[in-house]
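Protein sequences, first through last, are from chains A and B.
Counting in numbering that gives the first Met the number 0, the first sequence runs from 0 upward without gaps.
Counting in numbering that gives the first Met the number 0, the second sequence runs from 0 upward without gaps.
Watch out, some of these pointers could steer you wrong.
Below, simulated DSBU-like cross-link-like pairs (lysine-lysine); rule was C-alpha separation at most 30 Å, straight line [what the hints assert, rightly or not]: (1) Lys363(B) / Lys342(B); (2) Lys56(B) / Lys241(B); (3) Lys241(B) / Lys310(B); (4) Lys233(B) / Lys343(B); (5) Lys289(A) / Lys253(A); (6) Lys253(A) / Lys233(B); (7) Lys310(B) / Lys155(A); (8) Lys155(A) / Lys241(B); (9) Lys155(A) / Lys17(B); (10) Lys241(B) / Lys80(A); (11) Lys155(A) / Lys56(B); (12) Lys289(A) / Lys342(B); (13) Lys252(A) / Lys310(B); (14) Lys252(A) / Lys343(B); (15) Lys363(B) / Lys155(A); (16) Lys310(B) / Lys343(B); (17) Lys253(A) / Lys439(B); (18) Lys236(B) / Lys252(A); (19) Lys228(B) / Lys56(B); (20) Lys342(B) / Lys439(B); (21) Lys56(B) / Lys253(A); (22) Lys228(B) / Lys253(A).
Just so you have them, the derived chain A footprint on chain B, three or more residues with Cβ under 8 Å [unchecked claim]: (23) 11-21; (24) 43-52.
Source of the hints: derived by calculation from the structure; they are not laboratory data.
From the three backbone atoms N, C-alpha and C, an ideal C-beta is built for every residue, glycine too.
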Amino acid sequence: MTSGYEPLTSIEAITAGLGEVGYISTAQISTAVFLAHGLRKPILIEGPAGVGKTDLAASLGRWLDLPIIRLQCYEGLDEGKALYEWKYGKQLLYTQILKEKLNELIGEGDNLSKSLGKLADFEDLFFSPQFLEARPLLNAMQQDKGSILLIDEIDKSDEAFEAFLLEVLSDYQVSVPEIGTIRAKVPPIVILTSNNVRELGDALKRRCLHLHIGFPDHVREQRIVRARVDGISDALLSQLVRFVQSVREADIKKRPSIAETVDWARTLLLLHAGSLDEQFVRDTLNVLLKHESDIAAISPQIPKMVREAVGTDSGGRTASGYPDLG
Amino acid sequence: MERQISNFIRALRSSDVKVSTGEALDAARTVAMIGYGDRGLLKDSLACVLAKSEAEKDVHDKLFDLYFAASNKRSSAQNEAEDREDGEGDGESGEQDAGDTAEQMIALTQPGNEQALATAVERAAEAAGLNDIRFSTQTAYYAQQMVKAMGGEALQARLLEALQRSGAEADADAQRMIDARRALTMAARERAERAFEVFGAGETEKFRDDVAATKRLTALEAHDMARMKLLIAKIAKRLAVKHSRRRKKTSRGILDVRRTMRANAGYDGVPFNVIWRQKKRDRPKIVAICDVSGSVAAYVRFLLLLLYSLKEVIPDLHAYAFSYRLGDVSDILEENEFDGAIKKILREFGLGSTSYGQAWSDFKTDHETVIDRRTTIIVLGDGRSNYGDPRLDLFSGFAGRAKQTIWLNPEGPALWGTGDSVIPRYAPYCNQMSHVATLKDLERAIDEILTTYS
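All chains, full assembly: derive it from the sequences and hints.
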């Protein structure tokens, strides 16, 4: 059986492939994906919000042209919503429609036990795959060429669900009592994400590969913004990334993530900002910082930060131009 | 090669990275997949497979660099050794006299033979069982064992012989051997130190933690404080994990009619899925009343630090401090950084002669309403009330309103009731009266309290 995972041949291929669909990977990320495929293990990704945890799954799906099946976790999520459910309505409707026919067939039996035996035959009909409503986990197992199963924000689910997930993820199979065991045709690549709302159980952590994605460094962030925002000038890009990086070092409640950098870059572009200046930053800071107290904390430092972000850049230019002046 | 990975995992385990057998197998499969060729790749991969949190990743990266710096030399050295053995296979008769060994050892220390020296050192490390090193004091011992394994005795014999002879040539010979011996010892020592960093350092930290946890809290010195804070954080995490799980308990027997009907609406009301009523566990609610007079103050710090580190499990936490007058210190603890808060509390409440009676009457007037049937009252104090009225009437009232009353006493049972201690008179109203002298005691006490809420 052919699976859709063939392009995952080497770490370089993964980095390049993800790059094609606009995801700027790192050695760690590509290694994790490579191992996840090689060892058939889920990847558990931790890290601050908005650094591209979910996006990794989406990009993988886009690159490999595989379906992305997403299971968003929340408190109270249970098997019925994650795995499968019987289509009660359809079952009921079919029995109603087939009532006559059933009566005929069952009525043929001379005595009660014969009728019952016949009825038992139909039971299997009504609990067959036809009436099975596949939820994300089962759905992911049924894909012919494999799939990317994204279990998002697993830390928000209950512990009971976590335990249930262990069973599914260890063998990539699901048992439906009425039908039997459904084994994945091609095991999906499973990506779990966590924002550390709650400490995950050891058992789950031990069964997954662990990947921590932190805030990107200057170079990577520039590449990411360039890939996402069309037509941004080099000067502005380098300045704004430098500014964001220095904001992240400040003592604030919520540090801006890549998603916010990208939004900010788009905002600045929309305002036709050629380069960073104090007024622009002041007017658009609410795109970058989402807490009133953070904005208040950063505001007094804006002139200094802008000077530093712009300064190093233009400083480089004057240094090269300086001999002419002298 | 398998040995390399299993030893590395041993090193990780000794540094408190919990690697399960399954993960060890994964690591072996990973290595089989990607090989040892690319160190950066190997590091990223093993970090992915073995280290499952940010803290563990830090430890892993540090150990990886240390360990594979050592084993890098070893593997290349081993290859060479194998080559050599192939070549010499039949030439060697296995019989070597002391002279040869000594000469070989001297040759190792000559410039240009670094690779051969590294090989010899690695072999000696293997022979001496260097991976069992646990404490830094063992480095000298292991270095000695390694020199011995390399043939140090032969060198020693030659040296003695040379010293007995006289003449310039013999002196030079002796000097040569002394230099060689020193160089070998240095190399062995360096290797042993690195092995300690990899295999022993974590173990030593653990040992120190154990010592700190069982030391009397008043006997702790200033430089222990940082360690204690880390330890308390660890304990808090352990307790939090233990007690934050399974908030629900199914009690079979009582039918939850409302929810059963709802769940079975789809079956035309025929109850296929029966839902039983669930007993909700109470959220722990703790009122800590702390004597902050001189004799008990040292303990208060640890109790409060532990309780406040458990905020996740005990959302409803109130702290009161007294020596003469009693006051609510929850706000001070919430608003200030911990050390500052403790200082402030001691300054505000720590003066004045202890009076339990006065404290209880203050508590009665201002704060009694915080106690309800879910509350655990923790009293931390030595019960020495300077012969004042203990106001048992008030205390029994509080104890009666609360779920339970636990008295933690830094004094040993032998001292209870001596002098101005009124502990025995409070005892009948407390569910438990325990002696708390070390961090271990404290952990046990808090663990027991939280267990009553499960």
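### Task
Establish whether the coverage given for the stretch 43-52 of chain B by chain A is satisfied; the threshold is a Cβ-Cβ distance below 8 Å, and no fewer than three residues must meet it.
Check passed, 8 qualifying residues.
#### Entry: Pair hint Lys155(A) and Lys56(B), alpha-carbon separation not exceeding 30 Å
24 Å, holds
### Message
Checking one constraint from the list: CA of Lys363(B) to CA of Lys155(A), max 30 Å. Satisfied?
### Response
Violated. Lys363(B) to Lys155(A) sits at ~42 Å, over the 30 Å cutoff.
### Straight-line alpha-carbon gap Lys155(A) to Lys241(B), limit 30 Å
It holds: about 18 Å lies between the C-alpha atoms, which stays within 30 Å.
### Message
With the threshold set at 30 Å, check whether the alpha-carbon distance from Lys310(B) to Lys155(A) stays at or below it.
### Response
OK: Lys310(B) and Lys155(A) at ~19 Å, within 30 Å.
### Query
Taking only the CA atoms, is the gap from Lys236(B) to Lys252(A) under or equal to 30 Å?
23 Å, holds
### Query
Are Lys253(A) and Lys439(B) close enough, with their CA atoms no more than 30 Å apart?
37 Å, violated
### Query
Is the hinted pair Lys252(A) and Lys343(B) satisfied, with a Cα-Cα distance of at most 30 Å?
26 Å, holds
#### Entry: 30 Å Cα cutoff - pair Lys228(B), Lys56(B)
22 Å, holds
### Query
Does the alpha-carbon distance linking Lys155(A) and Lys17(B) stay inside the 30 Å limit?
24 Å, holds
#### Entry: Restraint check for Lys56(B) with Lys253(A), where alpha carbons must lie at most 30 Å apart
Given pair Lys56(B), Lys253(A) holds - Cα atoms ~24 Å apart, limit 30 Å.
### Task
For the pair we were handed, Lys310(B) and Lys343(B), check the Cα-Cα distance against 30 Å.
Cα-Cα ~21 Å, so holds.
Checked against the numbered hints above, the structure breaks hints 12, 15 and 17 and satisfies the rest.
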